[in-house]
Every structure is written in structure tokens, then in C-alpha cells.
Amino acid sequence: MFKHQKAGRGQDMIRHKMKIIQTETIFLFLLCVVLKMVTSKETLRNHRPWQGGRLAELSSSYCLSWRLAVETDNIHGWRTVPVQCLHDVEVYMLDGQYASDLNLIVEHIGNYVDGIVPSDDGFDAWIFDVDDTCLSNIFYYQGKRFGGDPYDPQAFKEWASRGVSRAIPQILQLFHKLILSGFKVFLITGRDETTFGQTTLYNLHFQGFFGFEQLILRSEAYKGQSGVVYKSEMRRKLVEQGYRIWGNVGDQWSDLHGQYVGNRTFKLPNPMYYVP
1 MFKHQKAGRG QDMIRHKMKI IQTETIFLFL LCVVLKMVTS KETLRNHRPW QGGRLAELSS
61 SYCLSWRLAV ETDNIHGWRT VPVQCLHDVE VYMLDGQYAS DLNLIVEHIG NYVDGIVPSD
121 DGFDAWIFDV DDTCLSNIFY YQGKRFGGDP YDPQAFKEWA SRGVSRAIPQ ILQLFHKLIL
181 SGFKVFLITG RDETTFGQTT LYNLHFQGFF GFEQLILRSE AYKGQSGVVY KSEMRRKLVE
241 QGYRIWGNVG DQWSDLHGQY VGNRTFKLPN PMYYVP
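For the sequence shown, our numbering begins at 1 and goes up steadily by one.
Just to be clear, a hint being listed does not mean it is correct.
[What the hints assert, rightly or not] Under the rule of at most 20 Å between Cα atoms (straight-line distance), these lysine to aspartate or glutamate pairs were calculated in the EDC-like manner:
| no. | residue 1 | residue 2 |
| --- | --- | --- |
| 1 | Lys267 | Asp73 |
| 2 | Lys177 | Glu233 |
| 3 | Lys267 | Glu158 |
| 4 | Lys223 | Asp149 |
| 5 | Lys223 | Glu233 |
| 6 | Lys144 | Glu158 |
| 7 | Lys237 | Asp124 |
| 8 | Lys177 | Asp95 |
| 9 | Lys223 | Glu193 |
| 10 | Lys144 | Asp114 |
| 11 | Lys144 | Glu90 |
| 12 | Lys144 | Asp88 |
| 13 | Lys267 | Asp114 |
| 14 | Lys223 | Asp192 |
Calculated directly from the structure, the hints in this document are not laboratory data.
All values reported here derive from a predicted model rather than from experimental measurement.
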């Protein structure tokens with residue numbers, strides 16, 4: 001009898017252990033399933049297109065880095081804004097940061113100007129670019145996805161021929177400060193002289209740019225030259241006439257590179273397009 005009882009208890013213990021093993025096996029199986037699901041979701045999240053959550057943050061971070069590289073002249077020859085940065089550039093141009101950056105730059109230019117005492121000989125000069133330096137083309141580029149579309153020569157020609165570009169307020173204020181301080185201000189633009197000469201002059205005057213010494217446009221002799229070569233040549237002519245270039249302001253590095261760039265150069269932000 002005792003032998004039968006012991007045998008029964010032994011079988012019960014075996015069945016109990018088997019249940020424990022089965023329970024542990026089921027638990028481990030379910031744990032593996034859950035871990036696999038979590039891993040799969042993480043993998044999908046990390047490979048999701050540029051939208052929402054963490055990837056939106058990564059996109060924003062990349063676009064800040066891209067704009068910094070553009071403004072520090074570390075990226076050359078780019079034709080369009082990266083597609084994931086189109087919204088970033090639009091927000092930058094329209095929501096106040098662009099204007100804030102201009103305010104700071106012009107403030108520091110003004111401090112520099114205050115430290116200069118122009119000579120009585122009338123040969124202290126200052127140079128400005130025109131497009132997106134004196135006159136803003138933001139309404140045109142708004143229709144071009146703020147640089148998301150490739151440069152369209154015919155479309156820009158039609159825009160510029162209308163003469164409706166607005167003054168950039170910070171630069172207009174600086175312009176008049178320089179005039180009142182006794183500087184000779186020259187405007188050098190890559191716009192074609194024959195096509196845009198009168199329209200550009202009218203546009204500048206209508207927007208409040210009066211009193212500059214000369215508006216220099218690209219003549220037939222300089223067609224096909226890069227911005228750096230063309231503007232270097234225009235500055236060379238001024239220096240050979242005896243002008244001292246104290247400052248040079250532009251939104252493109254091609255406005256500020258080359259020869260005879262002046263005592264100081266000042267780069268205005270422009271993440272919408274690149275001019276070589």
C-alpha cells in the first residue's frame with residue numbers, strides 16, 4: 001500500500017514539474033514574440049520616410065546643418081534645396097528668423113560704419129549687390145518652392161521685368177546711413193544691362209534707393225562670365241579710379257569672392273539659390 005502511495009506522489013510531482021516547464025516554455029515563447037514585435041516596430045520607425053516624431057527632428061537637424069554649410073561656403077554648386085528641407089527653408093524665410101538674422105548682421109555693419117571717418121575727397125566707397133540684397137525676390141521664390149525648383153531663366157526674366165521686387169528694409173536703412181555718412185554707394189548686379197537696365201533702376205528708385213553713385217549691370221562684354229570674375233572686374237575698375245572700398249554686401253559668396261573685395265565683406269543669408 002505504501003509503495004502505491006509513494007508511486008502516486010511521484011507521478012503527481014512529475015506532472016507538477018511538467019506543468020511548470022510548460023508554463024515557462026509558453027512564457028518564454030510569448031516573450032520572444034513581444035520582443036520581435038518591438039524590434040520590428042523600431043526597425044520600421046528607423047526606416048520610415050522623413051515625417052513625424054524622431055525622424056522629423058533628424059530632418060530638422062540635417063536642414064540646420066545644410067543651411068549652415070551653405071552660409072559658410074562649404075557647399076558649392078547646389079542647384080536646388082534638398083527635398084526634406086523645403087519646409088525648413090520656407091519657415092526660415094517667412095516666420096521671422098531670416099529677418100532676425102538680417103537685423104543682427106546690419107547692426108554689426110552699422111557698428112563698423114560708425115568707426116570709419118570718410119575722407120573729404122569723395123572716394124570712400126561701399127558696394128551692394130541687388131537681388132536679395134537690396135531687392136527681395138521672396139515672392140518669386142515662393143512660387144518656386146523656396147528653391148525647391150531648378151532655376152528657370154525665362155520665369156525669372158518675366159519676374160524681374162515687372163519691377164515689383166520689394167526693398168529689404170534692413171538694407172534700405174543701412175543704405176541711407178551710408179549715404180548720409182558720406183560714402184559713395186555702388187550697386188553691382190549680374191542682371192543684363194540691355195534687358196533689365198531701366199526696369200531695375202525704376203524698381204530701386206520706387207523702393208527708396210536714391211542717391212547711389214552708380215548702378216552697374218552686366219554688359220554684353222561680360223556675358224557668360226561667372227559672378228566672381230565679372231564682379232571682380234567691376235570692382236577693379238572702381239579701385240583704378242581711386243575709390244577705397246570699405247564694405248561689400250551680398251547674399252551670394254560670388255558677390256564677395258575674387259579680387260578687390262574691399263576692406264570688409266558681409267554675407268547676407270540666402271538658402272534659396274546658389275550663384276557661382
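Structure-based check of all given hints:
About 10 Å separates the Cα atoms of Lys267 and Asp73, which keeps this hinted pair within 20 Å; it holds. For a cut-off of 20 Å, the pair hint linking Lys177 to Glu233 is broken: about 27 Å separates their Cα positions. Only pairs whose Cα atoms come within 20 Å are accepted, and Lys267 paired with Glu158 is rejected, the gap being roughly 27 Å. Taken as a hint, the Lys223 and Asp149 pair is broken in the structure, with Cα atoms around 24 Å apart against an allowance of 20 Å.
This hinted pair checks out: Lys223 and Glu233 have alpha carbons roughly 13 Å apart, not beyond 20 Å. With a CA separation close to 14 Å, the supplied pair Lys144 and Glu158 stays within the 20 Å bound. Annotation: proposed proximity of Lys237 to Asp124 holds, straight-line Cα distance about 14 Å (limit 20 Å). For the proposed pair Lys177 and Asp95, the alpha carbon gap of about 27 Å is over 20 Å, so the pair is violated.
Restraint check: the Cα-Cα separation between Lys223 and Glu193 comes to about 10 Å, which is no more than 20 Å; the hinted pair holds. A threshold of 20 Å between alpha carbons decides the hint, and for Lys144 with Asp114 the separation of about 39 Å lies outside it, so the pair is violated. Distance restraint check for Lys144 and Glu90: the Cα-Cα separation of roughly 11 Å lies within the 20 Å cut-off, and the hinted pair is therefore satisfied. In summary, the hint linking Lys144 to Asp88 is supported, as the alpha carbons are separated by about 15 Å, within the 20 Å threshold.
Distance restraint check for Lys267 and Asp114: the Cα-Cα separation of roughly 19 Å lies within the 20 Å cut-off, and the hinted pair is therefore satisfied. As the CA atoms of Lys223 and Asp192 are separated by approximately 8 Å, the hinted pair is consistent with the 20 Å bound.
In summary, the numbered hints that this structure violates are 2, 3, 4, 8 and 10.
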